[in-house]
Amino acid sequence: MSQSAAQIHEDIVDLLPRLRRFARAITRHRADADDLVQVTVERALLRTAQWQPDTRLDSWLFRIMKNAWIDEVRVRIRRGKLFAPQEAGDQVGVSYTQRQIDAMSVQQAMEHLSEDQRMVVGLVLIEGLPYKEAAVVLDIPIGTLTSRLARARETLQAVLVESGAGVEAE
Amino acid sequence: MNISDETLMAYVDGELEPVARAAVEAALANDARLASRLARQQALLAQLRTAFDDVLDEPVPPQLLAAIRASGNANAAKHPRVIDLPSRVRAPRRWSWPQWGALAASLLVGVLTGYSVPGHRAGELVTRNGQMVVHGSLAGALSGQLASGTPNETAPLRVGLSFLAKTGNYCRTFALASAGDRQTLAGLACKDGAEWTIRVLAEAPAASDADYRMAASALPDAVLRAVDDNIAGNPLDAAAERIARDKDWRR
Chain A
1 MSQSAAQIHE DIVDLLPRLR RFARAITRHR ADADDLVQVT VERALLRTAQ
51 WQPDTRLDSW LFRIMKNAWI DEVRVRIRRG KLFAPQEAGD QVGVSYTQRQ
101 IDAMSVQQAM EHLSEDQRMV VGLVLIEGLP YKEAAVVLDI PIGTLTSRLA
151 RARETLQAVL VESGAGVEAE
Chain B
1 MNISDETLMA YVDGELEPVA RAAVEAALAN DARLASRLAR QQALLAQLRT
51 AFDDVLDEPV PPQLLAAIRA SGNANAAKHP RVIDLPSRVR APRRWSWPQW
101 GALAASLLVG VLTGYSVPGH RAGELVTRNG QMVVHGSLAG ALSGQLASGT
151 PNETAPLRVG LSFLAKTGNY CRTFALASAG DRQTLAGLAC KDGAEWTIRV
201 LAEAPAASDA DYRMAASALP DAVLRAVDDN IAGNPLDAAA ERIARDKDWR
251 R
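These protein sequence lines are chains A and B, in that order. Every letter in the first sequence is one number past the one before it in the working numbering, and letter 116, counting from 1, is 116. Every letter in the second sequence is one number past the one before it in the working numbering, and letter 21, counting from 1, is 21.
Pulled out of the complex, with its shape left as it was, chain A reads as follows (with noise of 0.2 Å):
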């Protein structure tokens, strides 16, 4: 293996935590996102020579799971192999901290968003990328990604003052 595949792999490593943070956002589901991530990671070792060195690692490997959701995951799930949303699950008998109660109002509201929304939401306030470079990941006009984003940030908004978790307009 030549130097630069074994330092993509590492990188690819390093990125993993926000991958996970991200198919989080997307999938809203812990299982259903670890199940995207593999097949991201699959997917890019697979491909690591058409990644261009002088574009960002991050949002190729972003670019691929948006890619992965679209096509493998959602099938999946309209077969109705879809794992039980976490909270019914894994926290069962666990008393809540207010940061978790937080956290599951954020993700609440975050499935009132399209899946176009959350990626927009996921992509640039989760991860944090720049409009141009979330705008490439996802195949789409700044334009509508800020129309989204826009659209996107008054529902959570609403959700989250109706919840109690908002910060309410004057």
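Check before you lean on any hint, since a few could be wrong.
To be verified - Here are the computed lysine to aspartate or glutamate pairs in the EDC-like style, where the Cα-Cα straight-line distance is at most 20 Å:
{"no.": "1", "chain 1": "B", "residue 1": "Lys-247", "chain 2": "B", "residue 2": "Asp-237"}
{"no.": "2", "chain 1": "A", "residue 1": "Lys-132", "chain 2": "A", "residue 2": "Asp-116"}
{"no.": "3", "chain 1": "B", "residue 1": "Lys-247", "chain 2": "B", "residue 2": "Asp-192"}
{"no.": "4", "chain 1": "A", "residue 1": "Lys-132", "chain 2": "B", "residue 2": "Glu-195"}
{"no.": "5", "chain 1": "A", "residue 1": "Lys-132", "chain 2": "B", "residue 2": "Asp-229"}
{"no.": "6", "chain 1": "B", "residue 1": "Lys-166", "chain 2": "B", "residue 2": "Asp-54"}
{"no.": "7", "chain 1": "A", "residue 1": "Lys-132", "chain 2": "B", "residue 2": "Asp-5"}
{"no.": "8", "chain 1": "B", "residue 1": "Lys-166", "chain 2": "B", "residue 2": "Asp-228"}
{"no.": "9", "chain 1": "B", "residue 1": "Lys-166", "chain 2": "B", "residue 2": "Asp-192"}
{"no.": "10", "chain 1": "B", "residue 1": "Lys-166", "chain 2": "B", "residue 2": "Glu-124"}
{"no.": "11", "chain 1": "A", "residue 1": "Lys-132", "chain 2": "B", "residue 2": "Glu-6"}
{"no.": "12", "chain 1": "A", "residue 1": "Lys-132", "chain 2": "B", "residue 2": "Glu-15"}
{"no.": "13", "chain 1": "B", "residue 1": "Lys-247", "chain 2": "B", "residue 2": "Glu-195"}
{"no.": "14", "chain 1": "B", "residue 1": "Lys-166", "chain 2": "B", "residue 2": "Asp-248"}
{"no.": "15", "chain 1": "B", "residue 1": "Lys-166", "chain 2": "B", "residue 2": "Glu-195"}
Derived by calculation from the structure, the hints in this document are not laboratory data.
We have chain A already, so just place chain B on it with the hints.
What follows is chain B alone, placed relative to chain A:
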């Protein structure tokens, strides 16, 4: 100056050019209403980040790391993947498991997707206060099963060695029952007060049904190491095991 929502959003996202940013900041100084709009946007951003940032501290599922390493190094596949549960005193280091947060959940994923454990046994491994505690039928089997006895075919796990640890607790090695010929999980659990806590879990080859009870020699290296590190004296013999069980693994 009237600042549009779009401009304000771009400001929060760090997307404005210096001149436009300065204009927003100038407007903010004199416009309390704009300042509160900004505060709402910033609060939302902070809420989103907080809600998802915990994922960054969670342990990465070992099968992900293994997939990358196997791809990078063909020999990697020959080495069993180990989930090394930290002692509470060990300093965090990269790719050890600095937080226990979702360890149970990542194991749950592993168990559900990789190990074909029937039923909902994964929910019986619960993290609490930095410990992974065994619940339900797994705990029942750990407490009740005698390694020297005839294993019940439907037991969720098979106990291997039982021994007294240097800390004074009783500990037992075990292998989770697996549904087929795939890998299973083996580990070491120790009785802390009323509960069994997991010290180490590692992948193990699934034993055939005929010799399901895992002999010590078949335990993964990581589990054997944990036994060596913890054991005081020799493993319990059948009589001592029975006595310990009858006292519910308390001294």
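Verification of the hints:
1. B/Lys-247 x B/Asp-237: 16 Å, holds
2. A/Lys-132 x A/Asp-116: Distance ~16 Å between A/Lys-132 and A/Asp-116 Cα, so the pair holds.
3. B/Lys-247 x B/Asp-192: 14 Å, holds
4. A/Lys-132 x B/Glu-195: Violated - the C-alpha atoms of B/Glu-195 and A/Lys-132 are around 53 Å apart, more than 20 Å.
5. A/Lys-132 x B/Asp-229: 54 Å, violated
6. B/Lys-166 x B/Asp-54: Status violated; Cα separation ~35 Å.
7. A/Lys-132 x B/Asp-5: Given that 20 Å is the threshold and the Cα spacing comes to 19 Å, the pair holds.
8. B/Lys-166 x B/Asp-228: Status holds; Cα separation ~10 Å.
9. B/Lys-166 x B/Asp-192: Status holds; Cα separation ~13 Å.
10. B/Lys-166 x B/Glu-124: Given that 20 Å is the threshold and the Cα spacing comes to 27 Å, the pair is violated.
11. A/Lys-132 x B/Glu-6: 16 Å, holds
12. A/Lys-132 x B/Glu-15: OK: A/Lys-132 and B/Glu-15 at ~10 Å, within 20 Å.
13. B/Lys-247 x B/Glu-195: 14 Å, holds
14. B/Lys-166 x B/Asp-248: 18 Å, holds
15. B/Lys-166 x B/Glu-195: Satisfied, since the Cα-Cα distance of roughly 18 Å is no more than 20 Å.
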